[in-house]
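K.L.:
Sequence:
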Amino acid sequence: MAFSLPSIASLKSPLIGQTLLVLREYLPSPVPVLGAIDRRIPVPLKQLAAEAPLNRIFGQAINDGEFDDFEGRRIRLEVNGGQPGITIGFWAGRLRVIDGPGEATIRGSLAAFRALAERRQDPDQLFFQRRLVIEGDTELGLRLKNLLDSVEWRVKIDYLSKRFKSRPWRQSKPQI
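Heads up: take any position in the sequence shown, counting from 1, add 117, and you land on the working numbering.
Everything labelled a hint here was simulated from the structure, so no lab data went into it. Treat the hints with care, since some could be wrong.
Claimed, not checked - Under the rule of at most 20 Å between Cα atoms (straight-line distance), these lysine to any residue pairs were calculated in the SDA-like manner:
hint : residue 1 : residue 2
1    : K262      : A178
2    : K262      : E183
3    : K262      : Q242
4    : K163      : I215
5    : K163      : A234
6    : K163      : R211
7    : K262      : R190
8    : K262      : Q238
9    : K163      : R231
10   : K163      : T204
11   : K262      : I205
12   : K262      : I179
13   : K163      : I174
14   : K262      : N172
15   : K262      : A234
16   : K262      : G176
17   : K262      : D185
18   : K262      : L171
19   : K163      : P149
20   : K262      : G202
Stated by the list, open to error - Restraint-style ranges between C-beta atoms, simulated for each label pair:
hint : residue 1 : residue 2 : range
21   : A169      : P145      : 25 to 35 Å
22   : N197      : V139      : 14 to 24 Å
23   : V139      : A167      : 32 to 42 Å
24   : L140      : A209      : 42 to 52 Å
25   : D181      : P131      : 39 to 49 Å
Every residue gets a Cβ at the ideal spot worked out from N, C-alpha and C, and that includes glycine.
Please construct the entire structure, taking both the sequences and the accompanying hints into account.
P.N.:
Written out as structure tokens, the structure is:
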């Protein structure tokens with residue numbers, strides 16, 4: 118008999134909320150595992166996975182010329198601990214994923230990057246709380262932070278999981 122369990126996130130019990138907080142506190146960080154996976158993914162695959170969505174998300178700002186000051190520059194976004202990370206550059210009117218270090222590195226936790234991407238928290242607040250840190254060419258990093266703060270964009274991290282749940286091959290077959 119096929120049945121589905123509700124998602125843990127959809128349950129609003131205080132006990133479940135406290136349990137999730139304890140698990141987040143005491144479970145090992147996923148960063149080393151993600152780093153090991155990241156080192157094994159070839160750059161062309163990263164480019165295929167990341168360039169089109171980035172250029173779609175920031176398409177209006179790119180067309181308006183707001184990224185023109187970043188032409189030929191490289192910025193690395195990195196999770197605390199050095200891996201995983203991605204280096205992004207801007208060439209010929211497109212955001213590109215490249216291999217190698219950036220002129221500036223923005224480093225932080227997965228939670229901080231998610232809060233930034235979903236615009237749940239002000240970027241200045243994330244930097245002042247040291248949840249995100251700029252290293253290297255800090256002027257370049259601050260210009261990117263200011264650009265991201267001024268541009269209208271929205272990312273919903275849960276988009277893919279919802280999209281794949283609605284696929285017909287994921288639905289249970291009726292029992293006869």
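K.L.:
Hint by hint, work out which the structure violates, then give me just those numbers in ascending order.
P.N.:
No numbers; nothing is violated.
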